[in-house]
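Q: One letter stands for each residue in the lines below.
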Amino acid sequence: MKNPDYGFYSFLLLGALSVFFLVQLLGGGYYLLVAFYVLQYVVLSTAWNILGGYGGYVNFGTAGFFAVGAYSTVFFFKLLGLQELKRLDLGFLEISLPYLSFIYFPAAVLAGAFFSGLLGLGTGYLTLRLRGVYFSIATLALSIVAMTIVVNWSYVGGARGAFVIKPTVVAGFRDANLFVLCAMILLAMFSLAVARNIERSKLGAGLQAIRDDEDSAECSGVPTLRLKLQATTVSGGLMGAGGALFPFFVTYVDPIGAFNLAHTVNSIAMPLIGGMTHWTGPLFGATLLGVIQQYFGSKNIITPEMSLLIVGFLMMLFVAIAPNGLLGLFKANDKTSGSKRSTKKPLIFGKDGSI
Amino acid sequence: MEWSIAGELLANAVVTGILLGGFYAAVAIGISIAFGMLDIANISHPVMIVLGSFLAYYFNAQWGIDPLAIMFPVAALFALYGAGLYSLYFRLFESREKDQRRGLAFFFGLLFVTEVGLILIFGVDLRSVETAYGEEVINLGFISVPIRLLIPFLIGVVMIIGLHYFLNKTYFGLAVSAISQDMLGLRLMAIDPIKIKQLTFALSLASAAFAGAALIIIQPIEPSIGREYIGRVFAVCVLGGMGSLQGTLIAALLLGTAESITSTFVGPSWAPAIGFGILLLTLAFKPEGLISRK
Amino acid sequence: MNPSQSLLAVNGLSKRFGGFVVLDDVSFVVNAGERLGLIGPNGSGKSTTVNCLSGVIAHDAGSIQFDGELIDGLKPHRRVYRGLARSFQIPRPFSRLSVFENIRVPLLFAAEHRVQRYLDRNEINAMAELALEQVGLLARAKDIASSLTQIDLRKLELARAIAAQPKLLIADESMAGLASSESDEILSLLFELNRKGIAIVMIEHIMRTVKAFSERLVVLANGRKIADGPTDAILRDPLVERIYLGV
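Protein chains in written order, with the numbering used here: chain P, 245 to 599; chain Z, 1294 to 1587; chain D, 989 to 1235.
No wet-lab data here; the hints were simulated from the structure.
Since this is a predicted model, take the numbers as computed values, not measurements.
Here a beta-carbon is modelled for each residue, glycine too, at the ideal position from N, C-alpha and C.
Just so you know, not all the hints are guaranteed correct.
[As the list claims (entries may be wrong)] Derived DSSO-like pairs (lysine-lysine); straight-line CA-CA distance at most 30 angstroms:
| # | chain 1 | residue 1 | chain 2 | residue 2 |
| --- | --- | --- | --- | --- |
| 1 | P | Lys446 | D | Lys1199 |
| 2 | D | Lys1155 | P | Lys446 |
| 3 | D | Lys1063 | P | Lys446 |
[Stated by the list, open to error] Only some residues are given here: those of chain Z computed to face chain P with a beta carbon under 8 angstroms:
| # | residue |
| --- | --- |
| 4 | Val1307 |
| 5 | Gln1393 |
| 6 | Arg1394 |
| 7 | Arg1395 |
| 8 | Leu1403 |
| 9 | Ile1412 |
| 10 | Ile1414 |
| 11 | Phe1415 |
| 12 | Gly1524 |
| 13 | Pro1565 |
[What the hints assert, rightly or not] Not everything, but these chain P residues come out facing chain Z in the computed CB check (under 7 angstroms):
| # | residue |
| --- | --- |
| 14 | Thr392 |
| 15 | Val509 |
| 16 | Gly556 |
| 17 | Met560 |
| 18 | Val563 |
| 19 | Ala566 |
Looking at chain P on its own, in the form it has when it is part of the complex (with noise of 0.2 angstroms):
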């Protein structure tokens, strides 16, 4: 089974270099932004679905897990003075100021999973042990919590937000802005690995044994808690991870914007219309969904609300009428390989060239 595993990677590498390329082939700027939208959706969707499309436990609270990883970047930012930092000296080794990006972005990434992803493990055991409805009432109130505790946090900004320098240079890029969204682009391909791993996993199997009738599989030996704060963990972890991104790409982060609603609205309707048994849903209904709201708000055809509005809407069409998402419409779950999916990708960037 050695050769779908490298059809995959295949496929993740070929995405990443034609995102890149393309990117800047295209001048950058606006693109970039694009890209990195789309992306960060690719993350936040795919991590939705750990829990909420394998495991059927719906997270009401996306926005959330991703603001606490925005702000651990915006705390650490702070609490190391990263601004004035020029060169870091460990001893052994100096590092100077075009190497440091490639020290404390990883670093950031990891501060901002662990943190939400220790926020999930802590809201999967207060309660998971109950229904699932509770779960997803409690990922909802939390986001709001979340945002009341750093409205009063002065240290990293409260109501006025917080400023996060992004860095000017990095070895080997020309534009930092594009070291960024490589960053990103990692992060996308991580999480899609992830969430395919998973899939194929014991945890996958157990969890969609969960999603069908929890009570039954607790009963025929699945142990279901375990399993649960598994996801939980794991789906908040990588939320976090996309958020810690954040604050470098827009070096402005305020409450309003880290716990922006469309990120928890976005992130469930992507894997819903996409798909949410697969690990090219998510994919699909973020670069999907991604690219029609970037392409209708800069026409300015209609308002940041209004597109809201209509992603509201279409979430609830499709909950209602094809819980299965677009792919789900056409043929029965079809776990064919990664091969038949890569014809999508250049496809998409194809309309993306041609606009």
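Starting from the structure of chain P, add chains Z and D where the hints point.
A: Structure of chains Z and D alone, referenced to chain P:
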């Protein structure tokens, strides 16, 4: 001297908290009915309350109508909406599978769409009402009872008492109680459980109209304010036990008091987090709530 | 009969829901390889007993000893690991998974605990296939569970319960709603499983079946045990007759 000042502050905080608690009960009732009795997780309820507030604002701003007057027609409107929404919900979800998850996502979509709709129509500015009694305060010694808190408190208490009476003394109300217990028995008595459920859900939505009027009497509103209440409602329902009216009232009073004391001695901006803190403690130690049903 | 030799020892099991007492001081044993029938009129507490035994609900008082160890407070999946399995009255398959997956997925977690060593994928697949073969569902392994007939669903339910090679199976009304020929099929299946060494507690309403299958009977009424002994003797007991006929 410091002690007596602290004592006065505390006494006032407690009174304010109790009044606030009555209001929270009004807010939580709808969810307690929908979720506790019908097993429908209608998380769009808080934003319906806000919609009720905005309608009260609109009629007050345009024609000077008092919220306490407008809440009755609005309740009727909401009841109709609730009946329709239930039919839709039933056709889409309940008749197919006992799958709450899709219903949950549906209601979340509804919550979201309604909130964005409010933003589009009314904008994000704070809105408030002008009433004859809005500024008045009753002074009992060193305790001050603001009318704008007293009235919502009364609304909440009246709703709880009214509902209690309805559920236990009237024929229809008893049928509603029976719904969650024995559907087959109901059918055998030639009562259509679906119709009962529909009317119950309508009742739940109607309560949002009253809660909405109460809300705008207490404070100015803006579209996203409903979100603050999600945590509070959740806390009240879990603490009080789903579907138990006495539990809802007691839990609401406790929450209101806790928030008020925190607000007075620590700071008002922490208030929304209190409910959640209480919720976490409850979930960690006594998930069945104060008054268990089973 | 020394309690410490029995496979399952239930002692003073009690449960109340709110103010309503559902089980009141119920005690009985099940021996290894035995066929026990648990009977009683509707509402006598049979389902609650099963749920307490499998760990779905927590009993208020009393103890449950399985295979020499107390299992009170253990989660259901842990009881499966120890060899205590149950099937559901109304079949609860994983409807979106295939028949084979329905058996394989729980085995991924339970099998190693049962055989006490590491098992690779192939061995687990083999165990799943074996279970399907024992109930006669191997031919339908690739079908989606939701497409199965009523009797096949019940077979699937049993297959899933025995896949992890339990020592005791609680068969909760495995034949409810089936035609008599289908019931007979399930009955002979249960006999075969018992021949392989699995003790079976059968909860059933159909007297003919219970009489044919059980070596011993435990009779519940109003949450209490009113009779416990060899099948023939119990069925002739006037007290039991009265409970069932309401005389």
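Q: Can you give the numbers of the hints that this structure goes against, from lowest to highest?
A: The structure breaks hints 1, 4, 10, 11 and 19; every other hint is satisfied.
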